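Read off the chains here:
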Amino acid sequence: MNIQSNQYHARIKRNRLLISTCGGLLVVLAFVTLLVGRYPKAGFTPPARIFNDPLMRNIIVNVRLPRVVLAILAGAILAGAGFVFQMLFSNPLVEPGFLGVSQGAAFGAALVIIVAGYSTVLVQISATVFGLLALALSYILARHFRFGGWMLRLVLAGIAVSAIFSSGLAMLKLVADPTRDLQDITFWMMGGLWNSTWTNTLSVLPVAAVSLAILVAYRWRLNVLSLNDRTAHSVGLSPNRDKLLLLFVATVGTTVVISVTGLVGWIGLIIPHLARRLFGSDSRHALPGAILMGAIFLLLCDTIGRTMLAGEIPLGLLTSIIGATIFIIILTRRRHGANL
Amino acid sequence: MSTACTISGLSFRYQNAKTPALDSFSLEIPKGSSMALLGPNGAGKSTLMDIMLRWKTPTDGTITLFGHPLQSYRRKEMGRLVALVPQDENSNFAFSALDYVLFGRAPYLGDIAQPRQEDIDIALDSLRQVGLSSFAERPVTSLSGGEHQLLLLARAIAQRPRLMLLDEPTSALDPANTAKVLAILARLHDQGMTLFFTTHDPSMAAETATHVAMLKDGRLLSSGTMQKTMTAESLSELYDTPMATLSHDSKLFVYRTASDS
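Chains L and R supply the protein sequences, listed in that same order. Residue numbering for the first sequence follows our numbering, starting at 1 and increasing by one per position. Residue numbering for the second sequence follows our numbering, starting at 1 and increasing by one per position.
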């Protein structure tokens with residue numbers, strides 16, 4: 001029994017070390033990216049300049065820092081929520097978009113852009129409200145479906161709700177003013193962090209932090225909830241209640257983030273895969289790992305996006321291209337019995 | 001002998017079903033017994049287990065578990081009293097065998113708690129009891145069917161329950177793995193655990209169980225000790241086909257004598 005116990009503890013120790021490494025990497029990366037940008041010229045700023053250039057200081061504190069914080073928050077939430085969805089649906093190919101949340105938020109954003117013109121606060125509120133509305137609709141529909149188990153009904157309802165909102169979105173685009181509103185809508189849907197002011201970042205911070213804290217607190221139980229509901233029930237859980245709570249928390253976190261960042265895809269799908277490869281399937285380490293890796297991934301993508309070209313490359317495009325490439329590589333090189 | 005579980009007048013009807021799955025079903029499971037639940041396909045065996053787990057709510061009737069009404073227990077208390085070994089269960093995630101057995105400790109842990117060293121020791125001990133010690137750090141997705149069944153048994157053992165429900169514990173196993181599972185069940189029975197399992201194999205029931213209950217069309221046909229209840233007549237009536245029994249080497253064998261068609 002001692003050998004097995006030692007093997008187990010060795011794995012725990014290794015994973016804790018890996019998590020600390022990811023955390024350390026994220027901190028270092030955050031500091032480095034603060035010094036990367038297009039002022040005074042494209043590239044890396046020598047740290048000494050901070051002390052003798054007030055404009056540089058101002059840019060770092062009021063432009064780059066809120067953006068770096070937002071990138072970390074968004075990456076953490078999108079990856080963490082994706083991970084939680086995959087566990088709860090016991091399906092490694094699921095993310096929050098599956099309950100209509102993304103399409104609902106996109107519809108909400110487009111609606112407000114057409115009705116009131118682009119305003120960050122209004123887009124944020126409307127996207128969150130419609131994202132949650134989509135979640136509520138999916139939930140209510142699923143309760144009325146007379147087919148399949150609870151999780152299957154939720155996914156089916158999510159598909160229906162997504163379809164309704166995306167056709168609504170298409171209609172909004174049809175009537176949108178092509179010289180102004182349509183561009184704003186398209187730009188929002190491509191996703192990006194260009195409107196990251198302290199006001200925006202701080203408006204996301206509390207909800208994002210609370211969601212992350214709750215998800216991480218439930219990390220071991222998440223393992224048990226990935227089993228079928230009857231089994232989870234038989235070991236003393238209330239699977240429907242627990243799953244609903246965690247779905248709600250993950251969804252609220254996601255909508256609040258994408259209301260500011262627009263649709264940033266693939267992180268919620270790809271990062272949890274990578275995290276499970278690195279940490280194993282036990283969510284105790286894979287979930288915090290996914291959260292840190294998501295933050296690192298988004299921070300890297302955003303830094304590339306804002307420095308590579310004179311204009312900005314939309315973040316959603318970068319995450320999709322990189323994410324899809326990694327996805328294809330993983331799926332074609334999957335070893336037998338490898339961690340999904 | 002006092003009873004572990006008393007079921008009286010239990011009825012259950014699925015939505016839109018013409019006939020009830022369980023119809024005024026009553027049964028006493030003696031404490032410390034090993035009881036086999038026999039019945040043809042669709043007799044209501046799984047429904048009965050689901051109700052005993054409180055996974056389904058009966059339309060009518062009551063269940064008393066270790067002296068208290070089933071409904072009076074909190075969810076976690078239920079998980080400490082009753083464990084389930086499901087018939088088939090797959091994980092889409094490659095947990096290690098030890099992680100998987102640790103899930104059986106959930107009823108002893110708070111909502112946001114992590115397993116303690118004590119839980120890890122119990123899980124390792126459970127793996128040892130089913131002979132899977134060396135598999136502790138193997139991913140569950142790489143286990144064979146027989147090993148997986150033993151793993152589910154280990155998880156149930158880790159729950160330290162007083163009553164263990166097993167759904168067809170050997171139906172998918174080869175003779176060697178069947179023997180392993182039956183030996184483990186015999187040991188648990190010797191330790192005083194009450195066992196209640198469904199099976200399609202009357203000979204296996206006769207070999208393992210001390211008591212038997214026969215369920216047909218949602219009703220109890222007969223129940224009692226193995227010798228008194230497991231007769232050619234009751235079996236023939238249960239399965240609607242001629243059956244006979246044979247005693248050999250103090251073992252009871254059950255077989256079909258003829259077929260109508």
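No lab work stands behind these hints, which were simulated from the structure alone. Just so you know, these numbers come straight off a predicted model, no measurement behind them. There may be inaccurate statements among the hints.
Computed Cβ-Cβ distance ranges for the label pairs, DEER-style [claimed, not checked]:
1. L:A324 <-> R:D88: 51 to 57 Å
2. R:I112 <-> L:L35: 35 to 41 Å
3. L:L331 <-> R:D60: 36 to 42 Å
4. L:A217 <-> R:L246: 57 to 63 Å
Even for Gly, the Cβ is constructed at its ideal location relative to N, Cα and C.
Verification of the supplied hints:
As the Cβ distance of A324 of chain L to D88 of chain R is approximately 35 Å, the hint placing it in 51 to 57 Å is violated. The given range of 35 to 41 Å is respected by I112 of chain R and L35 of chain L, whose C-beta atoms sit roughly 38 Å from each other. The given range of 36 to 42 Å is broken by L331 of chain L and D60 of chain R, whose C-beta atoms sit roughly 51 Å from each other. The hint said 57 to 63 Å for the Cβ distance between A217 of chain L and L246 of chain R, and at roughly 59 Å that hint holds.
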